[in-house]
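Starting from the known structure of chain E, fit chain L onto it as the hints suggest.
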Amino acid sequence: MRVPLAELLLRLGVAFSFLYPPIAAFFDPDSWLGYFPAFIPASMTALHVFGAIEIVIALWILFGKRIWIPSAAAAAMLLAIVIFNLGQFDVLFRDVSIALMALALVWMHFPRRT
Amino acid sequence: MNARLLWILIIVVIVIVGAWFAFGRTMEPTAEEMATTTPTGTVEQPSGTTLESTTITYSDTGFSPSSVRVAVGDTVTFTNTSSGDMWVGADEHPTHTNYDGTSTREHCADGTNTNGSFDQCVRSAPNTTWSYTFTKAGSFDYHNHARAAHGGTVVVE
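Chains as they are written, first to last, in our numbering: chain E, -15 to 98; chain L, 53 to 209.
Just chain E, with the same shape it has in the complex (with noise of 0.2 Å):
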């Protein structure tokens, strides 16, 4: 099935900001870990396995079908992350935008009555 430009613009996106954190916090875990709201313990393996959930996601979002479920996972997420971290909302900011972006995969593929 070919994608629309627009359409995989919008998956390598949401995509990319769920692939990077994973690789990131294999180098500098503390960074990541303040993210976590309190009442996740933060450990490097709660915040291995929550790398390996936004692997699976973006992945999903990338190459998977019925991608509106990811991308509503994806989405979740980052309004979570910004809603337990409203103190750092000028570095978060940016997660508002990534999840409307979702979101707009949500909106792309969810199934309607025809």
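Keep in mind the hints are simulated off the structure, nothing from the lab. Model, not experiment: these values are computed from the prediction. A few of these clues could be false.
Simulated coverage check for chain L against chain E, where a stretch passes if three residues somewhere in it have a Cβ under 8 Å from a Cβ of chain E [unchecked claim]:
1. 133 to 145
2. 191 to 202
If you want a taste of the chain E side facing chain L, the calculated C-beta under 8 Å gives, among others [unchecked claim]:
3. Asp14
4. Leu17
5. Gly18
6. Ala22
7. Ala26
8. Asn69
9. Asp74
For glycine and all other residues, C-beta sits at the position ideal for the given N, C-alpha and C.
Here is chain L on its own, set in the frame of chain E:
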């Protein structure tokens, strides 16, 4: 494009930005907050001048008081009474560049602060303290690098 969906998205963005301004942003301390900020000790200098020492307590709910006003040369001690680690550093997370323009990668080498930047550079366990002497005036937002949602402001005059 569904106009209703567009409006919903716009409202979501406005709510998030509004919440940030209302709850997330570290504001200048109010007069009432300032009244609760009292020096906790003095430090005798070799020249005979006396500098103040202020203590900020870090708990599981954040830093208290969240804003303090001190003088140039004063020392602020951060006491970790929380159940987790504390790593005090200037905003923004995670680079800590707002104090002097240098990032954590530049001014933290192997857990040691190399240029006097406002950065603890290493996690400290519960029931430990970290002190920093402010040598220049300004309003400095900071946060716990290990829990970036928790932050505060030190105003140095």
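Hint-by-hint comparison with the structure:
1. Closer than 8 Å: that is the beta-carbon criterion, and the stretch 133 to 145 of chain L has 5 residues meeting it against chain E, so the requirement of 3 holds.
2. By the rule of at least three residues with a Cβ nearer than 8 Å to a Cβ of chain E, the coverage given for the stretch 191 to 202 of chain L holds, with 8 such residues.
3. Hint status for Asp14(E): holds, given a least beta-carbon distance of 6 Å to chain L, under 8 Å.
4. Interface hint at Leu17(E): satisfied, since its Cβ lies 7 Å from the closest Cβ of chain L, which is below the 8 Å cut-off.
5. Proximity of Gly18(E) to chain L holds as hinted, the smallest CB-CB distance being about 4 Å (cut-off 8 Å).
6. With 8 Å as the threshold, the beta carbon of Ala22(E) comes within range of chain L, its nearest partner Cβ sitting at about 7 Å, so the hint holds.
7. Annotation: interface hint on Ala26(E) holds; nearest CB of chain L at approximately 7 Å, less than 8 Å.
8. Interface hint status for Asn69(E): upheld, as the beta-carbon distance to the closest one in chain L is roughly 5 Å, under 8 Å.
9. At about 6 Å, the closest approach between the beta carbon of Asp74(E) and any beta carbon in chain L falls short of 8 Å, and the interface hint on this residue holds.
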